[in-house]
Amino acid sequence: MDKRCTRLELTFSFLFPRLVSSIFFSPFTLLVDKADEFKNLIYILKHSFLVKSFLNDFTAMDHPYLIRRFELKYQLLSYLFSNRFSLQRRVSSRAYSVDNLFESANWLEREIWDMFGVIFVKNTKEIRRILTDYGFQGFPLRKDFPVTGFFQVRYSEKKKRLIYFPLKVAELSLRTARNVDNA
Amino acid sequence: MDFSVKNFTLNFGPQHPAAHGVLRLVLKLSGEEILRADPHIGLLHRGTEKLMEQKTHVQALPYLDRLDYVSMMAYEHTYSLAIESLIKTNRLYNRMVLPIRAKVIRTLFLELTRLLNHLMAVTTHALDVGALTPFLWGFEERERLMEFYERVSGARMHAAYIRPGGVSMDIPEDLLNDIEIFNNSFCYRLNEMEEMLTNNRIWRQRLVDVGVIPLDVAKDFGCSGPMLRASGLVWDIRKICPYEMYKHYDWMIPVGSVGDCFDRFLVRIEEMRQSVSIINQAIRDLRIISGPVKVRSGKLKQPYRSTLKFSMESLIHHFRFFSKGVTPISENRPFAVTEAPKGEFSVELEVQDNTHSFYRARLRAPGFFHIQALDVLSRNHLIADIVTIIGSQDLVFGEIDR
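Chains as they are written, first to last, in this note's numbering: chain A, 1 to 183; chain B, 1001 to 1402.
Honestly, the hints are just simulated from the structure, not real lab data. Misleading hints may appear alongside valid ones.
Stated by the list, open to error - The list that follows gives simulated cross-link-like pairs (lysine-lysine, DSS-like), each with its CA atoms no further than 25 Å apart:
no. : chain 1 : residue 1 : chain 2 : residue 2
1   : A       : K160      : A       : K34
2   : A       : K125      : A       : K39
3   : B       : K1050     : B       : K1028
4   : A       : K39       : A       : K52
5   : B       : K1006     : A       : K143
6   : B       : K1050     : A       : K143
7   : B       : K1324     : B       : K1309
8   : A       : K143      : B       : K1055
9   : A       : K122      : A       : K46
10  : A       : K46       : A       : K125
11  : A       : K52       : A       : K34
12  : A       : K143      : A       : K39
13  : A       : K160      : A       : K143
14  : B       : K1028     : A       : K125
15  : A       : K52       : B       : K1239
To be verified - Stretch by stretch, here's where chain B covers chain A in the computed footprint (C-beta under 8 Å, at least three residues):
no. : region
16  : 57-71
17  : 97-105
Said to hold, decoys possible - Okay, the calculated beta carbon distance ranges per label pair:
no. : chain 1 : residue 1 : chain 2 : residue 2 : range
18  : B       : P1214     : A       : R142      : 31 to 41 Å
19  : B       : N1380     : A       : S156      : 41 to 51 Å
20  : B       : S1004     : A       : Y43       : 15 to 25 Å
21  : B       : G1232     : A       : H47       : 18 to 28 Å
22  : A       : R161      : B       : S1306     : 48 to 58 Å
23  : A       : R154      : B       : A1160     : 54 to 64 Å
24  : B       : L1035     : A       : G135      : 50 to 60 Å
25  : A       : T148      : B       : F1319     : 26 to 36 Å
26  : A       : K143      : B       : E1147     : 29 to 39 Å
27  : B       : F1008     : A       : L167      : 32 to 42 Å
28  : B       : S1306     : A       : K34       : 58 to 68 Å
All C-beta atoms, glycine included, are put in the ideal place defined by N, C-alpha and C.
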């Protein structure tokens, strides 16, 4: 159950973390749009005495028709009071890296870069692709990426190695197929 | 004499038996000492999250089995919890409440799954370090556990047994007795395993003070499960935010003190003993509690076959369920987190109004965070130690690569 909490509620949870720990399953979500505000807030959540939080999860979502296309969601977990905060940001293609704050951020950012193509600037560690193949092109979890992909791969007996070649038949993605089916 | 020693780089994997699957590890070495370990993951990437976006809520369930292929039911359970929170509960509330028998069966099989996973983790760890025998013993027990899987669901591994709205069917009559017999003898199997390992000199020399991860570092890396508990934090989601029947059962959280490989081994062994205790309590409850194993509402599960021929509503529910998935969905973003055997596994789903598939499904795999810490864990260790460390992290690439 996703709640958008107000500033007041957040302040409240800073002051009385015990009271909101019952919402462990449903993290408080706060939408932060300004970059500075976001940086300050995540810094506070990391370092404040009461809610010393750690980056537990970091996800993104693609809304291709919006200008700020990617919705980033940082999920912070406080082990002391066992509660979760979610910070949400809408970005167009780049965001500030938080890997100087959290050790776990680097691979999560690499995954977001790999899957969505969001660029993380001011990073302190290397950001390169993580889950896809070496030399992969495109960003698979974007909505305009078909589920079949663009390339096939097979072993070439002639070249004695795996080769990539474009999909011969322009296969429809399952999603498109279903839409056609429904109509 | 003057020697000039050059650092060199070594490929560990992707076909190394101690890499537990497909892990390519690029090691930068100075002599035998590891300066930097750079794990290249993704060789088993199947795009589960993308595939789940193409499916209805019903069809997406078996993907969760294939995520972590040594602890299957734990993962489908988390997904089921997320789907159950998707349902609007204000209307039809009574029909949506999970029957208690379903909860006990779930708890029972979650703990059997934990045994399944930890047996794999501990014994293959021992195998990597050089002890073959516990592996052979452990796999005999795993075979029995998979037999229980088979008897409730028909499949040895990818069960799809725990489903949104309960479990797929009730357990067979004589299964409880067999689980109890297994459970009682399993303590002795554990003792045997501990006799072989715990005070074994070689085992201790290979594990004690190897791959120490201090608590604050473990937290910072997002470690969870035995990785975090071995470092000394009492943190178990089954206690902190109890789901199913864990609140009512009597069990404890084992915690390590140093955070080395040996602590992780001990934590896993003790967790197995606690699981045995939970299983006993669940069996005791299942003998008393009878009743249905699914919710009453046809919105969340398929209606019984017997009602299909006589009830119009069941027919409609049947059609809706298999063509559109779970129907009365709420606007919120369902989120469920559980203590999978490997650590904290969470499912986060985004549902769109008009479609019957997910807009986005996020699976937080615990192993992804553990393997990220491998570089820090293995620094200034010898090559042989990295095998120990990987083994103690309990990596399965199905879930890490997703």
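Outcome of the hint check:
1. A:K160 with A:K34: 53 Å, violated
2. A:K125 with A:K39: With a Cα-Cα distance of about 18 Å, the restraint between A:K125 and A:K39 holds, given a limit of 25 Å.
3. B:K1050 with B:K1028: Not satisfied, since the Cα-Cα distance of roughly 34 Å exceeds 25 Å.
4. A:K39 with A:K52: Holds - the C-alpha atoms of A:K52 and A:K39 are around 15 Å apart, at most 25 Å.
5. B:K1006 with A:K143: Roughly 47 Å between the alpha carbons, so the hint for B:K1006 and A:K143 is violated.
6. B:K1050 with A:K143: 9 Å, holds
7. B:K1324 with B:K1309: 21 Å, holds
8. A:K143 with B:K1055: 15 Å, holds
9. A:K122 with A:K46: 18 Å, holds
10. A:K46 with A:K125: Satisfied, since the Cα-Cα distance of roughly 19 Å is no more than 25 Å.
11. A:K52 with A:K34: Answer holds: A:K52 to A:K34 is near 22 Å, not above 25 Å.
12. A:K143 with A:K39: Given pair A:K143, A:K39 is violated - Cα atoms ~28 Å apart, limit 25 Å.
13. A:K160 with A:K143: 35 Å, violated
14. B:K1028 with A:K125: 17 Å, holds
15. A:K52 with B:K1239: The given pair, whose Cα atoms are some 21 Å apart, holds under the 25 Å limit.
16. 57-71: Since three or more residues must qualify, the claim that chain B covers the region 57-71 of chain A holds, with 4 doing so at under 8 Å.
17. 97-105: holds (count 3)
18. B:P1214 with A:R142: 31 to 41 Å: Since B:P1214 and A:R142 have Cβ atoms about 39 Å apart, the given range 31 to 41 Å holds.
19. B:N1380 with A:S156: 41 to 51 Å: 43 Å, holds
20. B:S1004 with A:Y43: 15 to 25 Å: 45 Å, violated
21. B:G1232 with A:H47: 18 to 28 Å: About 22 Å separates the Cβ atoms of B:G1232 and A:H47, which means 18 to 28 Å holds.
22. A:R161 with B:S1306: 48 to 58 Å: 57 Å, holds
23. A:R154 with B:A1160: 54 to 64 Å: Violated, since A:R154 and B:A1160 (Cβ atoms, about 31 Å apart) do not stay within the stated range.
24. B:L1035 with A:G135: 50 to 60 Å: 27 Å, violated
25. A:T148 with B:F1319: 26 to 36 Å: 29 Å, holds
26. A:K143 with B:E1147: 29 to 39 Å: With Cβ atoms ~44 Å apart, the hint is violated.
27. B:F1008 with A:L167: 32 to 42 Å: Hint holds: Cβ distance 41 Å, inside 32 to 42 Å.
28. B:S1306 with A:K34: 58 to 68 Å: 59 Å, holds
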